[in-house]
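S.K.: The residues making up each chain are set out below.
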Amino acid sequence: MTVTDPHAPALRLEGVRKVYPMADGEVVALERADLTVDRGEIVALVGPSGSGKTTLCSIAGGILRASGGTIVVGGDDISGYSPKQLTAFRRRAVGFVFQTVNLVPFLTARENLLVVDEIGARTGAPARARADQLLEELGLADRAKNLPSQLSGGQRQRVAIGRALMNDPTLVLFDEPTSALDSKLGRQVMELIRSEMTARGIAAIVVTHDERITAFADRTVHISDGVLDA
Amino acid sequence: MKIALRELRRRPGRFATATVILTLIALLLLFLGGLLDGLIRNSTGAVRAQQGGVVVSSAASQSSFLRSRIDPDLRARVAAAPGVEEVGGLGIVQLGARVPGNGPRDLADVALFGVEIAPRGVPNVPDTGEVWADRILEADGVRVGTELLLGPARSPVVVVGFVEDTNYLGQAGLWGSPATWRSVVAANRPAEIVADGVFQSLVVRGSGSPVDLAAAVDAATGGATLSLTIADTANAIPGVAEQRGTFNQIIGVTVAIAIVVIALFFALLTVERVALYGVLKAIGARSRTIFAGLVVQAIVVTVIASTVATVVVLLLDAAIPPGSIPVTITVPRIVSSVLSLLVAAVAGSAFSLRRVLRVDPASAIGSSS
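Chains as they are written, first to last, in the numbering used here: chain E, 1 to 230; chain C, 1001 to 1369.
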């Protein structure tokens, strides 16, 4: 059941665990993680490869189900959600920007934003208006009809951000958003993320192993061997 | 679904191979179907043209016109059966016909029928020595007024008109009076002469359903007759059921090949798209939405292939000279072939369902971790 509380934190994790059963025991990917992200707050989640940051991010975004603990996104307790409910939840409440951008290659920039509507509510005209507005705000209005292959790396990243904002999410999860970009472009993208999230009051978790990114976050959380360093 | 259609429109090259292969399969399917219909039509036209509900043969004949004999006494019992309104005798003899102007060995295969009830397309039973001919004989140079010489005795008959779709076992139908038939049989097949009043079969008209009428006739004759509906009589012609069975098996195998082609193509396409499907699932796409897109693509590719194949096969049908290859392209055959391929498209793409279901949305995130 959906419970939307405008005053609730964007994300609240309490004692969240993720273990993978193996033939000779189990592997703990995340150990009793507690984390609260306020609305409009940008948190950098920093850790080396295999530290559990992707697992945490996936659980917060409703992609993975936790083995235990409580996950509340915008007042919506998703801890006991079925895979079907999680799919609807992701469509409704979370935005994702992936490491390799992952735009649909045969769709234009505008159509890539409208994918979110086409796989979900199919509101039609309101969705088209929102896509146009987002492209305008992201400085891509004149690129709306371009395919991803006709855009630069930074423009593709902006389209991906626009797609993540299409459903007006409570929380946006950025998975290594600058890893495929050079340092100058990476800085520009982080400035864009910062300004867009702050302007809209949307919370964001930026997963990275690059400490330089932390300068653009309100708070940095380190993770190592599945344990959050408060 | 819009996404799937846009991919088809913007990346047609990706689907070109599957479309070409499916077009060839559709072409084969339509051609095989047309050949089957043509062969069946060529074998059964004479029976289907009968203007009655039931064809009655003697019980021992196993519904073969050649073996069957109906004497006047048996005919009277048939005529007295409940529901019977009219009975007409029917006899047949298969011969070669010499056409004026053609070479001495260039015989046209004909089946001369002597009938008391004129078949569909023939206004009245013609006078003795005259026949209505199946229009297929026009390809042999036969015209209205042509005198054909039948069999080794060269029995003359004059063509007084043409009729459509009345062939028997691939031989052009000739429709004459019982007297014409008797005289031609007497001159060319003395061993098959039957007494006056005896026919090989009877065409029966009556009230009620043909099945009930056939049962009533057989009951009235005490089992001395074997009565079949027109459709059953056509199917009982030697070779018809075998042709239909053989061709339907080949058509079935062709549809199975279409399923395999579609299944393999979309399985490969799905493997290529696992990353894309992972992203779509991560942002909230349901598996059924993704799978529906696949099915839509398979259906569109199949419709395009079927349309191209239909046009090609219609052009082929128009180009094939009458009397050469017995291909008959009909709307029901086109519709049934296209429907078979559409079912194959859905069934073939369904093989990718499991793979779509197994795509993990988590694959979209943390790919380098």
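Treat the hints as calculated values from the structure; they're not laboratory data. Incorrect hints may appear among the rest.
As the list claims (entries may be wrong) - Derived EDC-like pairs (lysine to aspartate or glutamate); straight-line CA-CA distance at most 16 Å: (1) Lys184/E <-> Asp168/E; (2) Lys1002/C <-> Asp117/E; (3) Lys145/E <-> Glu111/E; (4) Lys184/E <-> Asp210/E; (5) Lys84/E <-> Asp1360/C; (6) Lys1002/C <-> Glu111/E; (7) Lys1002/C <-> Asp210/E.
S.K.: All the hints need checking, so say for each whether the structure fits it.
M.R.: Here is what the structure says about each hint:
no., hint, in the structure
1, Lys184/E <-> Asp168/E, "violated, 29 Å"
2, Lys1002/C <-> Asp117/E, "holds, 11 Å"
3, Lys145/E <-> Glu111/E, "holds, 8 Å"
4, Lys184/E <-> Asp210/E, "holds, 14 Å"
5, Lys84/E <-> Asp1360/C, "holds, 13 Å"
6, Lys1002/C <-> Glu111/E, "holds, 10 Å"
7, Lys1002/C <-> Asp210/E, "violated, 38 Å"
Comparing the model with each numbered hint stated earlier shows that hints 1 and 7 do not hold.
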